[in-house]
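S.K.: In case you want the letters, here they are:
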Amino acid sequence: MKQKVHSVNGYVRATITGKQTERFITRCAEEGVRMWHIERKNETTLICYIKLTKIELLRRILKETGCRIHFLERNGIPFFIEKLKKRLGIVAGLLFFLIILLILSNMVWHIEVKGADPKLEGQIRALLKKDHLYVGSLDFFVPKTDQLETRLSSKLTKVTWIGVSKDGTTYLIDVVQKKYPKKQKPAGPRNLVAAKQAIIHHWIVDKGQVVVESNQYVKPGQILVLGRIGREDAPKFVAATGKVIGETWYQSEAAIPLDSRYSVYTGRNWSRHDLIMWKVTLPVLGFRNKPFRSFDKEVTQKTVRFLIWDLPFSYRQTVYREKKIVRRHLSEKKALEEARESADKKLLDRLPPGSEIVSESTENKQIEDKKLIIRSHYVVYENIARPQTIDPAKEKEKLIKKNKADER
Amino acid sequence: MKKWTTQFKKWFSTVSEIPEDIVMDLPRITLIGQSHLSIENYKGVIAFSQNELRLAMDRGELLITGEAFVLENILDKEIYLEGKVMDVRFIED
Numbered sequence: 000m001k002q003k004v005h006s007v008n009g010y011v012r013a014t015i016t017g018k019q020t021e022r023f024i025t026r027c028a029e030e031g032v033r034m035w036h037i038e039r040k041n042e043t044t045l046i047c048y049i050k051l052t053k054i055e056l057l058r059r060i061l062k063e064t065g066c067r068i069h070f071l072e073r074n075g076i077p078f079f080i081e082k083l084k085k086r087l088g089i090v091a092g093l094l095f096f097l098i099i100l101l102i103l104s105n106m107v108w109h110i111e112v113k114g115a116d117p118k119l120e121g122q123i124r125a126l127l128k129k130d131h132l133y134v135g136s137l138d139f140f141v142p143k144t145d146q147l148e149t150r151l152s153s154k155l156t157k158v159t160w161i162g163v164s165k166d167g168t169t170y171l172i173d174v175v176q177k178k179y180p181k182k183q184k185p186a187g188p189r190n191l192v193a194a195k196q197a198i199i200h201h202w203i204v205d206k207g208q209v210v211v212e213s214n215q216y217v218k219p220g221q222i223l224v225l226g227r228i229g230r231e232d233a234p235k236f237v238a239a240t241g242k243v244i245g246e247t248w249y250q251s252e253a254a255i256p257l258d259s260r261y262s263v264y265t266g267r268n269w270s271r272h273d274l275i276m277w278k279v280t281l282p283v284l285g286f287r288n289k290p291f292r293s294f295d296k297e298v299t300q301k302t303v304r305f306l307i308w309d310l311p312f313s314y315r316q317t318v319y320r321e322k323k324i325v326r327r328h329l330s331e332k333k334a335l336e337e338a339r340e341s342a343d344k345k346l347l348d349r350l351p352p353g354s355e356i357v358s359e360s361t362e363n364k365q366i367e368d369k370k371l372i373i374r375s376h377y378v379v380y381e382n383i384a385r386p387q388t389i390d391p392a393k394e395k396e397k398l399i400k401k402n403k404a405d406e407r
Numbered sequence: 000m001k002k003w004t005t006q007f008k009k010w011f012s013t014v015s016e017i018p019e020d021i022v023m024d025l026p027r028i029t030l031i032g033q034s035h036l037s038i039e040n041y042k043g044v045i046a047f048s049q050n051e052l053r054l055a056m057d058r059g060e061l062l063i064t065g066e067a068f069v070l071e072n073i074l075d076k077e078i079y080l081e082g083k084v085m086d087v088r089f090i091e092d
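So the protein sequences, as listed, match chains A and B.
The first sequence maps to residues 0 to 407 in numbering that gives the first Met the number 0.
The second sequence maps to residues 0 to 92 in numbering that gives the first Met the number 0.
In case anyone wonders, no lab produced these hints; they're calculated from the structure.
There's no promise every hint is true.
To be verified - A partial selection of chain B residues facing chain A, derived with a Cβ cut-off under 7 Å:
no., residue
1, Thr5
2, Phe7
3, Gly43
4, Ala46
5, Gln49
6, Leu70
7, Met85
8, Val87
9, Glu91
No experiment lies behind these values; they were computed from the predicted model shown.
Positions of the beta carbon are idealized from the N, C-alpha and C atoms, including for glycine.
Could you build the full structure based on these sequences and the hints that come with them?
M.R.: Structure (structure tokens):
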């Protein structure tokens, strides 16, 4: 135990030779030179341990008492360092090796993107690079996987689902791409019928026989374009294709609060870096506790790895984003404008793509609970055609029956 | 003069009930079994060998004899001896 305590400062095992060795011991005790485990070897010689002290002091005491010293062992850290200095190259090499190993253990070695076509993969990799994730980047600066997920999915529109997972030094990005409907196979014979009640406005028909007129009122299920062409006695059946644009009517409601509060980011950020050792947090950079009055906090903590082991150290990055509460008061006029806009949007979301609002009229507006509620009436042009397959054999039978009836 | 301070210290220790060895720098000898011996308030080492330790005290000498003595530790006011202690004796001038 004693040796361990002294090994920090270094100690020697030495023989003291002289006629007045006892005097040497007394003087050492007086001068504060620590000695222990003193043994008598013979009449003139002692063996003892001495703590490493200033050599001048020791020399003075030796001279005073007429003793001579001979070192047997040199122990402790100072001597060890002395030894190491002689082998500085090896030590430096070893240290360098450990540091390199540590860095390499915390590096991203591989990013695997699964389920994306080459173009999308390139896009994903470019986005990841903006978030410090690329082959060869240090893992400490990479955001958490769920953050990566949300960032990627908010920027990629072609993706239905994106999953980011981490396996050691490898990042795995699973992508489920939106599948666009394949080019329609040549469909079987079919008619186009009305999907909802409307007034026919115009049509663009590639194939088929149009059986409605402009400004004609149609009910749901009514045939718009017939898939039967040719003469009645020798009909041909085709897949009717085309668009029939009809005028339809909708009602949409929207409510807009006149007073609203919401928080916005001011764009000012403050990031703080900490090193966590076991449970002790060591601030490294930016250690202000509360940089802003109101903020959102984003914490990323990464454990330092060494080869396959997790070390009890970790690096933590905390980003504070300043936000402020903004109050908004709308005048009735402005509120009305906004309410209209939101009502339009609500409606368009419900309609098939390519639809167009022709006119709108606000039927009703009222203020209730500090909210402006409007109800609007819309006239919309939209494609109302819906395919309906036909069975050529049955159709022919029908025709024949009809013909016969006519003949009679 | 010195006598007067000694007298005062003695009086102080009886009045304050603080042990004499602390107030008056008297030697305090602790022997644990036969193997460990610690002496406080010694003045110096006169002789040390495997069988004998002779210490200078405030008045006179302290002679310890025995076998296989090792001075385990030496401090300014305290000394620790290890070995087999056979005899502890005060020798007055």
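S.K.: What hint numbers does the structure not satisfy?
M.R.: 1, 2, 7, 8 and 9
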